[in-house]
Structure formats: structure tokens, C-alpha cells
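A.B. asks: Here is how the chains run, residue by residue.
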Amino acid sequence: MGQEITVTQLRRWLLAYAARIIENEDHLTELDTAIGDADHGVNMRRGMGKLQERLQDEEQTEDIGSFLRSVAMTLISGVGGAAGPLYGTFFLRAATSPTNGSSVDLAQLTQMFRFGLDGLQQRGKAQTDDKTMIDTIQPAVEAMEAALATQQSTAVVLAAARQAAHLGMKHTIEIEARKGRASYLGPHSIGHQDPGATSAYFLFETAAEVFTKTGAD
Amino acid sequence: MGQEITVTQLRRWLLAYAARIIENEDHLTELDTAIGDADHGVNMRRGMGKLQERLQDEEQTEDIGSFLRSVAMTLISGVGGAAGPLYGTFFLRAATSPTNGSSVDLAQLTQMFRFGLDGLQQRGKAQTDDKTMIDTIQPAVEAMEAALATQQSTAVVLAAARQAAHLGMKHTIEIEARKGRASYLGPHSIGHQDPGATSAYFLFETAAEVFTKTGAD
Amino acid sequence: MQSLMNKPGSAITQSLRGMALCHPDTIKVHFDPDFVERTVTARSGKVAVISGSGSGHEPLPTGYVGLGMLDAACPGPIFTSPSPIQLLAAVHSVDHGGGVLFVVKNYAGGVLNTELTIELALQEGIDARFVLVNDDVSIANVANRRGLGAAALACKIAGAAAESGYTLDEAVKVTRRAVAACRSMGVGTNVNTLPRNGPGAILADDSIELGVGIHGEPGEVRSVSKGMSEIVGLIGQPILKDLPFAAGDRVLLLISGMGGTPPLELYLFSEAIHDMLVANRIRVERQLVGNYLTSLGRGGYTVTLMRLDNELQDLWDAPVHTPALHW
Amino acid sequence: MQSLMNKPGSAITQSLRGMALCHPDTIKVHFDPDFVERTVTARSGKVAVISGSGSGHEPLPTGYVGLGMLDAACPGPIFTSPSPIQLLAAVHSVDHGGGVLFVVKNYAGGVLNTELTIELALQEGIDARFVLVNDDVSIANVANRRGLGAAALACKIAGAAAESGYTLDEAVKVTRRAVAACRSMGVGTNVNTLPRNGPGAILADDSIELGVGIHGEPGEVRSVSKGMSEIVGLIGQPILKDLPFAAGDRVLLLISGMGGTPPLELYLFSEAIHDMLVANRIRVERQLVGNYLTSLGRGGYTVTLMRLDNELQDLWDAPVHTPALHW
Ligand SMILES: Nc1ncnc2c1ncn2[C@@H]1O[C@H](COP(=O)(O)OP(=O)(O)O)[C@@H](O)[C@H]1O
Ligand SMILES: Nc1ncnc2c1ncn2[C@@H]1O[C@H](COP(=O)(O)OP(=O)(O)O)[C@@H](O)[C@H]1O
Ligand SMILES: [Mg+2]
Ligand SMILES: [Mg+2]
Ligand SMILES: [Mg+2]
Ligand SMILES: [Mg+2]
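Chains as they are written, first to last, in our numbering: chain X, 1 to 217; chain U, 1001 to 1217; chain D, 2001 to 2327; chain B, 3001 to 3327.
A couple of the hints might just be wrong.
[Unchecked claim] Capping the alpha-carbon separation at 35 Å, the derived lysine-lysine pairs in DSBU-like fashion look like this:
1. LYS3226(B) to LYS50(X)
2. LYS1050(U) to LYS3028(B)
3. LYS50(X) to LYS2028(D)
4. LYS2173(D) to LYS179(X)
5. LYS125(X) to LYS2226(D)
6. LYS3028(B) to LYS2226(D)
7. LYS2028(D) to LYS3241(B)
8. LYS2173(D) to LYS125(X)
9. LYS1050(U) to LYS1179(U)
[To be verified] Label-pair restraints from in silico Cβ distances:
10. GLY3097(B) to GLY2248(D): 43 to 49 Å
11. ASP3242(B) to SER1102(U): 54 to 60 Å
12. ILE1022(U) to ASP3242(B): 43 to 49 Å
13. GLU1062(U) to GLY3125(B): 53 to 59 Å
14. ALA2279(D) to ALA1019(U): 43 to 49 Å
15. THR1033(U) to ASN3280(B): 41 to 47 Å
16. THR96(X) to ASP3025(B): 33 to 39 Å
17. SER3225(B) to ASP118(X): 48 to 54 Å
18. LEU167(X) to ALA2279(D): 56 to 62 Å
19. GLY3097(B) to GLU1062(U): 55 to 61 Å
20. ASP129(X) to SER2093(D): 40 to 46 Å
These aren't lab readings, by the way, just hints derived from the structure by calculation.
Ideal Cβ positions, reconstructed from N, Cα and C, are used throughout, including at glycine.
Using the sequences and the hints given, assemble the complete structure.
C.D. replies: Rendered as C-alpha cells:
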């Protein structure tokens, strides 16, 4: 509950995320082959490579806002496609959450994610059920907010986020795309899991793993 | 011997020639497919169509010079390719033989062909053994000149021309092209009969048929 | 020879360098991030006009950099939007205090990257706006209409407006008006050849694809045994009806090859288009026929009509000096 | 869509009509016999410059008709010389008493038809001469060298000379000197697509054809896995050695796509050519990069170098206003 997350933990989370994406590069590209232009794995892998370089740099800030902004710029330059500016905006706006400092508690982490989500929605103009990464991120953030309201532990809050993200990701299989390239396929997009919803799920999967472990230290 | 050939007979000859070429269109194109650009039959057929139209016109001259010049212009506009200007030049220059009038005797006919041949050679700069229509026309004209010198009959002179033309045409199978498109093939042109030498052979084949028959009337 | 283009990253960089070597008086190239900038410096306070686009549509956008048109162009990878990093580097290089106008074709990547760039520029106190180009009438849903030939026309109008002293607001307004006056459609005569896919399939002799995009987006396959006038019949009405264009209208006609269509065929198509316009009593006041918006080496054409008024015509006629357009 | 071009006779006629509709201020078209004439009348006594060529190489020759370049152009059927009937009709239309200069690429049909036309013109008392263009160094036997990019350059030089008052003799002399200062070579990146043959075969990814002609004449197939610099290595030396070009020479560089090569690849090629010229200390004083001499929609390029002197450079710089070149 009172656990504080610092830049060091955020860095650990994003390194885990980068590794997870790289493991799943082919899987993401396969998903994008079915309903997009077969590059989501390639795009994300390129961005994650740059992110790993950036995170291994010696010179590091202790300020979460500056850290997230630098992550955002790295993703913006590295990922490309639609996902680049979308993930970039998520972190850019997360960086502007006013309660960021040199550490955030669980409520502040949730608010940071909320800022990211709102920015992402403003940028991409997608709603839930448009079959995009929003279908993963929005339920995850809402689950965190709901769990926080009932004073749950870090582990419980992040497990709830992960589970909501997972359900959202799986839900994209059943729906028709209304945003992004997959929308050109209309009803033919049904039956396929959205690649961006999949890469976004790993954000919450790795957050649950890393922050919970940290909390247990 | 003393037989006179008028525009009427020349017209009959060229109609026979046109018909012979049209019968042989595919054959000529096949020959040009082997060592050229597969259009000699098409080119000649187009020109012969125009020639037939022209020769069936009511308004006709009795002057051999004007007649041949009009044949030349028809071939020039109708045949195209290399063969168009070459056959065109043959008739254009044949038209300038000074002994043309409203009729020609055998010696004057021979001189007319000689003028045509010389013009053709000046235009195309080909020698015998370059694998062109010259290999047909030059021996044919020389055979006429030789037969005339020994006072042979029309039938004999034209038979000699036809035979020399035939030998010349067949000889093109054995030699390497040094002029025209076939020359790009170098030694690979050996073994194929030259299309232009073939179409030119029909000039002498039909001349022997038409003028001899006329003479026998 | 596909292999020459098979490493898009380095091929595009080298190609940009080659382009600069071929037009040293007009453009210069920056690398990493890549963008092309005009050599003639702009007067202070001029609105800067920038356009980004995936590569493979040349001369759009790099061939339109120069006096009277773009201040800078940002080429992305083949058929992929340039990144905000490129766009922002161009902004830093060409902003002269008058603000920045982006011309953006309506594709998700391009719009997202441009909007993000504008957010970043605003954070630095640089005023930036964008004009969305969405002239493709083959898409029923107007919000999803893709950008075609109007992108080239919008770059010219925006560039001329900026050069002649329009403020950012005024330049945005007239450029939006120009785009709103445009309607386009694409016809494919073979299937796209992407470097990674190898040579494209060939349509049947008597078939075309109606309403293709410039990234190989498929159209509707139609048999057109009656030739060009039949094709023009299929695209003419959707274009004319959409604005709608009316008898008496003056238009600018842009017919662009997609890169693999010989001029002979392009003029054959032009003839049929002219006949269709005459039949509808629409007057062609200005025209451009050639390769102005391409799709690598694919066969096909796009046709764009822009309804002219005096202001648009004056801006069109204003001097321009770029690798691809100059008068 | 091959079918649109499958009836060459009528397709070419319609395409010419389309061309005239697209450039009404610059050219007008005559039919049966077909030729294209400039709209700006020449002063009396000016040498008339005419070029004929098979169709399929556009913009050559029809796109070069206009002030400062050709008085008339005669397009033949696809890849086939125009007839003396066409050439003579053009002579009658554009001769202004200063005589006629024909620019002819060195192919048998073109030369035969032009020589015959000259014979017919002389019979009518019209002074006519021709300049043979034979810049293709890929043919060892100089007499058989084909005409490539120098044909476009010769039309510009002859047209500028005629416009600025050269006599027929003087115009012939300087145009011959221009051609003699040119060397060229073609590179094919796929196989030619003739309307009658359907789509051409595609070379292996790493292969080019060296020394191709512009009518689908084959070249030597070479594997070039190392990319553009390797290609330029293969054509650079034959071109430079043949004239020879030497360190310190000033040149005009013409890089022409054959119609199916995207600008991206053309500039990639240009980069390697520029590097080769710098390495040989040859200075590019003027250049043209684009589709100036094509071969229907085939992939590939030709490169032409012309050694400049002051007279040639001045004639090159002289104003020109045609559909394809204007400055
Ligand atoms: N407007 C949008 N809002 C949110 N997410 C979007 C939007 N458009 C696309 N996406 C996401 O981006 C993913 C595709 O990313 P990627 O393949 O990298 O880019 P591109 O579509 O440009 O090739 C989609 O699966 C989807 O989840
Ligand atoms: N220089 C020349 N002199 C004489 N005949 C020639 C010459 N060049 C070509 N020919 C003849 O022309 C024939 C080809 O004619 P054709 O196929 O109609 O023209 P093209 O070669 O232009 O396609 C050759 O078979 C040859 O006999
Ligand atoms: Mg994708
Ligand atoms: Mg993509
Ligand atoms: Mg032939
Ligand atoms: Mg031919």
C-alpha cells in the first residue's frame, strides 16, 4: 500500500517489458500479418532495442517525469508506424502527471497511467471496442482505479490490471476493427486478436511481475 | 525480243506480286521472327494492300516514270520498317531511268531494274553476301544483263533472272548478316533465310510469269 | 534488381544524397534524422510549410521542396510515415518565427505522427498546425478518405501563400479551402511491386482496379474491354458528383502516373478525361500531366480535379522552383 | 491493361491528341500523316529542326517540340521509325526557307527513312541534312553504335542553334560536335514489356543487363550483389575511356530512367554516378535526371555524358519551352 516506486523500479519494469516484446516479436508480426501490414513485431522490436540502449545509459535522472519523457522520445523515434506515436504519447502524457516526483505510490502510479491513457485516447481517437490497444489499456487502468478505491494491496491492484488487460486483449478477437489499418478489412477483421492490444498487454503483465516482486523485497 | 512492256503490263506484274506477297505473309514473318523483329510479313502485307488500292484506281498514267514513282510513294507510305524505304527507293530510282517512256523493251526494262538496284545499294549501303534483299536483286539484274548481251528471248532473260534470284535467296541461308537487324545476331544469323531476300525473290518470280505470258499473247 | 532497394534504410539515405547531388542549387539534405530542406533562405516571419510522407511516392514530398513550395520534406521508410523526430528536426531547421504548416495525407500513421509533432512543437512555443488531405472519393466514409493528388496541390498552394506573406491562420485557411475543392480517384493497371514482395501480379489484359490507393491498397477489379473512355466513365461520375463539379466550373486538372505507366498511355488517358470534361462543360484552366504522385513502379494513374477561384489560381500561378515543379 | 495499348495505330493517334490537349500553348498535332508541330511560329529563314522516332521513348521526340528545341517531331509506331511520308509532311509544314536539320538515332529504319526523305525534299528544292546520333559505347563497332540519350541533347543543341540564327551548315556542324562529345550506356533492371508480348520477364534480384538498347535489345546479364557502386563500376570505365573523358573535363550529365524505374532508384543510381565522376575529377556542370528517353515501362536507366565547351554550354542554357524541358 504505502510502497513507493522509483525511477529504478520503472527502469526495471521497462527492461522486462522490452525483453518480453522481443521474445514475442514473431507473434506480434503474425497477428499484424492477419489484419494489418505485418510490421508490428518489427516496429516494436526496433523500438525496444533503442529503449534497452537508452535504459542502459549511465547518465540517469531520478525524476520520474523526465525519465518517462525520455522513454517517450525513445519510443517515438524507435517504433514508427501508428504504434510509435501512440506508445510515445502514452508515456509523454504519463510524464505530465502532477504527482510524479522522484517516486510514486500506487495511487500516483495509477494516476500516471490514467494520464497516459487519456493522452493516448486523445491522440488516436479510439474508444473501447474499436479493436486497438485501448481495449487492453482502458480496462486495466479502470481496474486499478476500482481496486484502489477498495484499498487493495499493490499485488492485488496490479493483478487486477493484468487480468483486465488480458480479458480486453482476448476480447479484440471477437470484435470488428474501427480504427487503424485493420478497419479497412471491416467484418473480415473479426476472429483475429489485435496486435497492438497484445503488445500493450505485456505492459501490465510485466508491471504485475516487477512491481509486485519489488514490493515483496 | 522486240516485245514492249507498257504500264498495263507493269500493273499486272505488281498486282501479281502483291498477291504473291499476301499469300506468303506468314512465311515472311516467320523468317523475320528467326533473325529480325517478326514484322516483315506484316509490313509487306500492309504495303501490298495499299498498292492494290492504288493500282485499282481509275485515274492512271501511261507514263512509266510517273507510274513507278507513284508505286514508290505507295510502298514508302505503306510498308514501313527498313523494307519500306528500300523498296521505295528501288522503284523511285527505277522511275528515273532515262529510257522509260510509255513502254520499255527488254533492254530498257533491264536498265530500269539496274537503276533501281543502284539506288537501293546507295540507300542501304549493303553489298552481296551481307544477307539482305541485295543478295536476290543484284544477281537477278546481272543475269538479265548477261542474257541480254547474248541476245536471248524475253522468256529466257526473265527465267535467268528468276533462277539467279532464287539461288541468291537460298544463298542467304549460308551466310552471316552484316546489315539490318539480323546483323545484331552475328554468326547466329547463319542457317536462316533472309526475309527481305525472300520478298524480293517474288519480284522476279512474278515478272517471269507475267511478262512471259504477256509476251506469248 | 529488386535487391538494390531491398535495404530500405540505407537505400533511402543514399537516394536522398543522390537527389541533393542532382539539385544542389535547390535543396540540401540532412541525415539522422533525415529531411530535405530548401537552399533559398526564407524571410524572417514567413510561415514554414513542411510535408512528410512515406517514401515511394516521389516526387512527393522531396521533389516539392524549394522556393514557393515546401520549406522542408521528411521522407519516411517505404510507404511508412516519417517519425516525429524527423518532423521536429525539420521544424527546428525551417521555422522562421511565422509558425509551421504541415500538409498531411489522411493515413493513420501520418496523422498520428504529425499531431504528436505539433504537440511537441507547441511545448517549445512553436506555433504549428496541419492541413489534412483527403480527396479520394473511392472511399465512401468521408472520415477515412485517403490523400491522393491533392497532396501535391496543397503543398503548392500552401507554399505560395506562405511565400506571399499569408499568416499561419490565413495559410491554413486557404490550404484547407484548396483541399476541400479537390476530388480524386486512382486506377491501377497492374498490382503493386513492393521491394519486399518482388514483382507484382499483373491484371488480366482487359482489367483495371478502380479506386486503388498509393500503397498497394486494392481497388475493385473491373473488366474494361472498351478502353479508356470506359475507364473514364467509371471514375468521372464519382469525382464530378462528389464535390459536385458543375457545368461552367473552372478546374485545375492533375493526372499523375503511378510510376510505371508510359507517357503514351498517360496521354491516352488524358484524352479521354478531356473529352469527359468537355462533355460536362467543365473548363480546364490549368493542368499537370506526368508523374507527380507515384506508387513505386506500379502501373496506373490518379486523376484530381480542383475547382479554381481567383485566389487559388493566383497561388497556383505564383513562381515555384523545386526539383519537380518550376515556373 | 495491356489491351489499352494493343492497337498501336489508334492508341498512338489518341495519345497524340491527348498530348495536344494537355499542352495546347506549346504544341499542335497533325494527323494522317501524324506529326507534332510547335505553336510558336519561327522567324522566316530559321533552320527547322525535326526529329522522328519510333513511339515508346517519350518524351522523345514529341515532348521536345517547342520554342528553342524541335520545330516538329514525327512519332512512328511503337519502336518503329516514322515513314518518309510523315517526315516530308513535317518538312512542308515547318520549313521556313532556312533548310531542315533532322536529328536521327542510328538505327537502320530511322536512317533509311530519313535519307529517303532528304532525297525527296532535295527534289523539291528544300535543303535538308541530318545528324546521326550514335553514343552507345556498349557496341564495339562504332558504325553500329545506337543512339541513346545524346538524341535528346542533340535536339536541344540543334534547336538552340537554329533559334539563335545559325545557318543550316553551322547548325549541322555544332550538333555533330555535340554528338561527338557524348558517350552513353544503358542498364536494364527487368526485361522489356512490349504491348504485343505482355509483361516482361524479371531479372534475378541481383542481376542487371549491361548495355541494353531502348527497344528491348538485350544486354549482358551480370550479377551485381554489391549494389549501385558495382553497376557504376561496370559502365563508368567504358564510357570514360571511350571519348576519352579526362580529369578536369566539364560535363553535362543526363541520367534517364527507361520509364519503369522509380525516382528513388534513379537517385540512388545518380549518387553512385556522381561519386564515380568526383573520383575521376570530372566536373558536372549541368545535369538532367528523370525520364528523358524511355523504353515503354521497362526498368532501367541510361547515362550520358557530354563534354562541354563554352559554345555547347551556352546553347544548352538557351531558353527552351517544350512539354518536357523548359527554362
Ligand atoms: N487510432 C488508434 N488508437 C489506438 N490504437 C491504434 C490506433 N490505430 C492503430 N492502433 C494500434 O496500432 C496497432 C498497429 O501498430 P503497427 O502495426 O506498429 O502500426 P501500423 O498500423 O502503422 O503498421 C494496432 O494493432 C492497434 O492496436
Ligand atoms: N541496309 C540494307 N540494305 C538492303 N536490305 C536491307 C538492309 N537492311 C535491311 N534490309 C532488308 O530488310 C529486311 C527486313 O525488313 P523489315 O523486317 O520489313 O524491316 P525492319 O528490319 O525494320 O523490321 C531484311 O530481311 C533485309 O533483307
Ligand atoms: Mg502494422
Ligand atoms: Mg506499418
Ligand atoms: Mg523486321
Ligand atoms: Mg521492324
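A.B. asks: Confirm or reject each hint.
C.D. replies: Evaluation of the provided hints:
| no. | hint | in the structure |
| --- | --- | --- |
| 1 | LYS3226(B) to LYS50(X) | holds, 29 Å |
| 2 | LYS1050(U) to LYS3028(B) | holds, 28 Å |
| 3 | LYS50(X) to LYS2028(D) | holds, 28 Å |
| 4 | LYS2173(D) to LYS179(X) | holds, 28 Å |
| 5 | LYS125(X) to LYS2226(D) | violated, 45 Å |
| 6 | LYS3028(B) to LYS2226(D) | holds, 27 Å |
| 7 | LYS2028(D) to LYS3241(B) | holds, 32 Å |
| 8 | LYS2173(D) to LYS125(X) | holds, 24 Å |
| 9 | LYS1050(U) to LYS1179(U) | holds, 27 Å |
| 10 | GLY3097(B) to GLY2248(D): 43 to 49 Å | holds, 45 Å |
| 11 | ASP3242(B) to SER1102(U): 54 to 60 Å | holds, 57 Å |
| 12 | ILE1022(U) to ASP3242(B): 43 to 49 Å | holds, 46 Å |
| 13 | GLU1062(U) to GLY3125(B): 53 to 59 Å | violated, 27 Å |
| 14 | ALA2279(D) to ALA1019(U): 43 to 49 Å | holds, 46 Å |
| 15 | THR1033(U) to ASN3280(B): 41 to 47 Å | holds, 44 Å |
| 16 | THR96(X) to ASP3025(B): 33 to 39 Å | violated, 58 Å |
| 17 | SER3225(B) to ASP118(X): 48 to 54 Å | holds, 51 Å |
| 18 | LEU167(X) to ALA2279(D): 56 to 62 Å | holds, 59 Å |
| 19 | GLY3097(B) to GLU1062(U): 55 to 61 Å | violated, 37 Å |
| 20 | ASP129(X) to SER2093(D): 40 to 46 Å | holds, 42 Å |
The structure fails to meet hints 5, 13, 16, 19 from the earlier list, while all remaining hints are met.
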